[in-house]
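**Student:** Protein chains in written order, with the working numbering: chain W, 1 to 161; chain P, 1 to 240; chain Z, 1 to 276.
Take the hints with a grain of salt, since some may be wrong.
[As the list claims (entries may be wrong)] Here are the in silico distance ranges between beta carbons for each label pair:
| id | chain 1 | residue 1 | chain 2 | residue 2 | range |
| --- | --- | --- | --- | --- | --- |
| 1 | W | E127 | Z | V155 | 53 to 63 Å |
| 2 | P | R151 | W | S109 | 24 to 34 Å |
| 3 | P | L154 | Z | L77 | 21 to 31 Å |
| 4 | W | E111 | Z | G266 | 29 to 39 Å |
| 5 | W | N84 | P | F158 | 49 to 59 Å |
| 6 | W | E147 | Z | R64 | 45 to 55 Å |
[Unchecked claim] Take a look, some chain W residues computed to stay more than 12 Å from chain Z by CB distance:
| id | residue |
| --- | --- |
| 7 | Q27 |
| 8 | A40 |
| 9 | L41 |
| 10 | R71 |
| 11 | E76 |
| 12 | L81 |
| 13 | R90 |
| 14 | R114 |
| 15 | E123 |
| 16 | E127 |
| 17 | Q128 |
| 18 | I133 |
| 19 | E134 |
| 20 | V137 |
| 21 | D151 |
| 22 | L156 |
Derived from the structure by calculation, the hints contain no laboratory data.
C-beta atoms are modelled at their ideal positions from N, C-alpha and C, and glycine is treated no differently.
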Amino acid sequence: MNPFYRIDNRLVHGQIIATWMPHLRYQRILIASDDVPENALQMTMFRMAIPQAVAFDAQPIKAAARTLSTRVFGNERVLVLLQNVEDAVRLFNAGNPFANLNIGNVHHSPERRRFTNAVYLGEGELEQLRVLIERGVRVEIQSLPTETPIDLKQTLASEPR
Amino acid sequence: MLESVSPLARDLIAVTAIGGTLALDRRAAFQLMVSQPLVVIPILGLFLGNLPTALWLGALVQLLWMSSLLVGASVPPNETLSSLVIGGAALLFGRHVGPIDLPVMALCILLGAPVSLLGRLIDIQVDRENLALAHRADLAAAAGTPGVISRLPLIGLFRTFVAEAGLVAAGTSIAFFVVRAVHPALPPPLIRALDVIALYLVPALGLAVAMTTVRRRRALALAGIAFVVVVSGLRYLEVQ
Amino acid sequence: MIGRGESLAVAPSIALPRSPRVSRFTLVRVLWRSFFFQAATNYQRMQNVGFAYSMIPALTELYRGEDLKRAMARHLLFFNSHPYMADALLGATVRLEEDVAAGKLPPERVTAFKAAMMGPMAAIGDSFFYASLKPFAAALAVAGIVSDVLWAPIVFLVLYNMFHLGLRCYGLAAGYNMGERVFEKLYQIDLVQFSDRSHYMAAICIGVSGALMVDHAAHLPGAFGSGLELILLLALTLICFQCLKRRITMPWLLYGFSVLSIVLIGVLNTFFPLIE
Numbered sequence: 001m002n003p004f005y006r007i008d009n010r011l012v013h014g015q016i017i018a019t020w021m022p023h024l025r026y027q028r029i030l031i032a033s034d035d036v037p038e039n040a041l042q043m044t045m046f047r048m049a050i051p052q053a054v055a056f057d058a059q060p061i062k063a064a065a066r067t068l069s070t071r072v073f074g075n076e077r078v079l080v081l082l083q084n085v086e087d088a089v090r091l092f093n094a095g096n097p098f099a100n101l102n103i104g105n106v107h108h109s110p111e112r113r114r115f116t117n118a119v120y121l122g123e124g125e126l127e128q129l130r131v132l133i134e135r136g137v138r139v140e141i142q143s144l145p146t147e148t149p150i151d152l153k154q155t156l157a158s159e160p161r
Numbered sequence: 001m002l003e004s005v006s007p008l009a010r011d012l013i014a015v016t017a018i019g020g021t022l023a024l025d026r027r028a029a030f031q032l033m034v035s036q037p038l039v040v041i042p043i044l045g046l047f048l049g050n051l052p053t054a055l056w057l058g059a060l061v062q063l064l065w066m067s068s069l070l071v072g073a074s075v076p077p078n079e080t081l082s083s084l085v086i087g088g089a090a091l092l093f094g095r096h097v098g099p100i101d102l103p104v105m106a107l108c109i110l111l112g113a114p115v116s117l118l119g120r121l122i123d124i125q126v127d128r129e130n131l132a133l134a135h136r137a138d139l140a141a142a143a144g145t146p147g148v149i150s151r152l153p154l155i156g157l158f159r160t161f162v163a164e165a166g167l168v169a170a171g172t173s174i175a176f177f178v179v180r181a182v183h184p185a186l187p188p189p190l191i192r193a194l195d196v197i198a199l200y201l202v203p204a205l206g207l208a209v210a211m212t213t214v215r216r217r218r219a220l221a222l223a224g225i226a227f228v229v230v231v232s233g234l235r236y237l238e239v240q
Numbered sequence: 001m002i003g004r005g006e007s008l009a010v011a012p013s014i015a016l017p018r019s020p021r022v023s024r025f026t027l028v029r030v031l032w033r034s035f036f037f038q039a040a041t042n043y044q045r046m047q048n049v050g051f052a053y054s055m056i057p058a059l060t061e062l063y064r065g066e067d068l069k070r071a072m073a074r075h076l077l078f079f080n081s082h083p084y085m086a087d088a089l090l091g092a093t094v095r096l097e098e099d100v101a102a103g104k105l106p107p108e109r110v111t112a113f114k115a116a117m118m119g120p121m122a123a124i125g126d127s128f129f130y131a132s133l134k135p136f137a138a139a140l141a142v143a144g145i146v147s148d149v150l151w152a153p154i155v156f157l158v159l160y161n162m163f164h165l166g167l168r169c170y171g172l173a174a175g176y177n178m179g180e181r182v183f184e185k186l187y188q189i190d191l192v193q194f195s196d197r198s199h200y201m202a203a204i205c206i207g208v209s210g211a212l213m214v215d216h217a218a219h220l221p222g223a224f225g226s227g228l229e230l231i232l233l234l235a236l237t238l239i240c241f242q243c244l245k246r247r248i249t250m251p252w253l254l255y256g257f258s259v260l261s262i263v264l265i266g267v268l269n270t271f272f273p274l275i276e
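Here chain W stands alone, though its shape is the one from the complex:
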C-alpha cells in the first residue's frame, strides 16, 4: 500500500507522528488540500511537527493528483493526507485512481452518524464512498495501526438499506 491514502480532519497530529510513522516508516508526507498550501501558519506548524528526515509537501488537489499519478516514488514510502471525504473523491476523479483509502478521523457533526469513536460519516459522504468502493477502492476505518481495520464495504453490506 504505497502511497498510503488517509482521511484525517486534523491532518498531521499525534496519531500520525507517534504511531503511523514508526509503524510504516514513511519518508514523505503529502497533504492534498486546496486550503492548506495557502495557510502559511499551518504550513510552518506542520513542517515543525514532522521530523526533519521526512519530506513534507502540501499541494492543491489537482496538482497533487498530477504529482501522484506521474511521479515514480520507487521505494520511498509516501503518506497522502486528505482533510475530508470530498477531497478524497476529488483527488480520485482528478486522475489519481488510488486503490486503498484509510479513514482515520472524521469529527462528529449533527448530520453524521457514528462508526467508531473517531469516525462519523454523513449520508452524502457514504454515498460518495460507495461509489469509490464500487470502483474497486478498499475503504477501511482505522485510527491507529494497533486497531483492527473495519472494512467499510462489509459494514455497509450488512446494513439494511
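We have chain W; now place chains P and Z onto it with these hints.
**Tutor:** Relative to chain W, chains P and Z alone:
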C-alpha cells in the same frame, strides 16, 4: 468508626481511595504521571508496608504497558486500573495472608491484566456521559453564565472517580479472594510454572513491549550491546 | 465591531483603541485551570469544555453581556490537542481575544488559529512527551528499580515533570507574549530533535534492565543455573518482540505463553517427575 471494620476491609478501602484518586491523573486531571504503574504500585506499597516488592512489581507492570499511548480520539486499555488491581491484590495478600512469592505475583498479574480492557470500556462510557456536560456548557454559554461552565470539570472528575474507583474495588477484592483461595491448593508443577511466568515470561514480554517503543533500528542494536556488556560485566565480577 | 469590551476604559486621546490587557493573576488562573483540561472530555467535541473552562477567567475580564455569550460559545467548538501543548495555545488565544475585544481582529481569526494549531501541537506533544520522554524516563526508572535504587520512581517523576511543568508555564507565557507567532518560540526549543535522541537512551536502559533481570533470576534459590536463565529470558524476549511486531497484542502473548508454560511443565513432569 473505622475501628469496627476489619483490617482487611480497611486496607481495601485505602487501596480504592488512593487508587481512585491517583487514577484521575491519567487523563482527567494534571497528567503528572503519578498514574503510571511504576508510581502507583510503589505508593500502594508504602501504605501497605511492602515497598521493595511493590517497586519490583511496579517495574514489571510498567514494562508490560510501556507502549500504551493516549493519542487523539483513541481510547487505549487503562493500564493504571490494571496496575492498581495487580498491586492492590498482591500487597493485600502480603499483609493479610502470607509472603508475596513468585506464584502470587504471577497470579495477580494474570488476574489483573484484563482489568485494563474493562477500564477502557469505562473510559469510553465516561466520554459518552460527558456529552451531557458539553450540552450544559452550550446552554450556559447561551445564557451567559460562566459559573456553570466552571463547575462542569468537577462533575467530570467526580464521575471518573466513582467509575474507576468502583472498578478498582471490585477488581482488587475479586483478585485477592481468588489468589487467597487458589494459592494453598496449587500443585507443585503449577507452582513451578507460575515461577517461570513471574521470573521469565513477564519480564521478557515487558522488555519486548518496551523495545517496540524504541523508534530507531540502530537504537535497538544499542539495547543489545548494553545487555551484553552488563551481563558479561556481572559475570566477570562474580568470577573475581 | 463585535466583541468590544464595555467595561474597559480606553484613553479618549488615542485614535486607535489600545487592546485591553488581562491581569497577571488571570493568566495564573488560566494556567491552573489548564490542569483540568481533559476532565470533561466527551467523544463528540473532545476537549471543548476544557478549553472554554480554562479561558473563562480571561473571557469574563474582557467581555460582558452578549459579547461574553458569543466568546464562550466560540470556545466550545471542537477542540482536540495535547494537554501540555494546550497552554501555549491558551496563552496565544488570550492575547488574540484581547485584540478581538479591542475590535482589532475579527473573532473568526481566533477560531481559525485554534483549528490550524491543534493538530500540529498535538503531533509535537504526543511524539515528544508520550512517545519519547515517557518511555525513556520509565525505562531509566525500571533500570533503577532492578538495580535496587529505591527512589527510582521519584527520579522518573522529577525528570518527566521538569519538562512537563516547564513547558506548560513557559508555553502559556510565550503564547501570551507572542500571540499567533508562538510557534516561532516552540521552533527554537526543537522538541522533535530531542525526541530522536531519547530513543537511544531508552534503548540502553532497556538493555541494562534485561541484563539485571537475568542476574536477579540467576541468584534466586531454585534457579536453573549454568546460564540457562540468560538463554531463556533472551529467547522469550526476542520471540515476544517478533510476535508484537506481527501485531499479536500483549495480553494474547501473556495468556498464550502462560498456558504454554503450564502445559509444558505439567507434561514434562508426568514423564520426568522432578518436581514433588
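**Student:** Identify every previously stated hint that the structure contradicts and give their numbers, smallest first.
**Tutor:** 4, 5, 8, 9, 12 and 14
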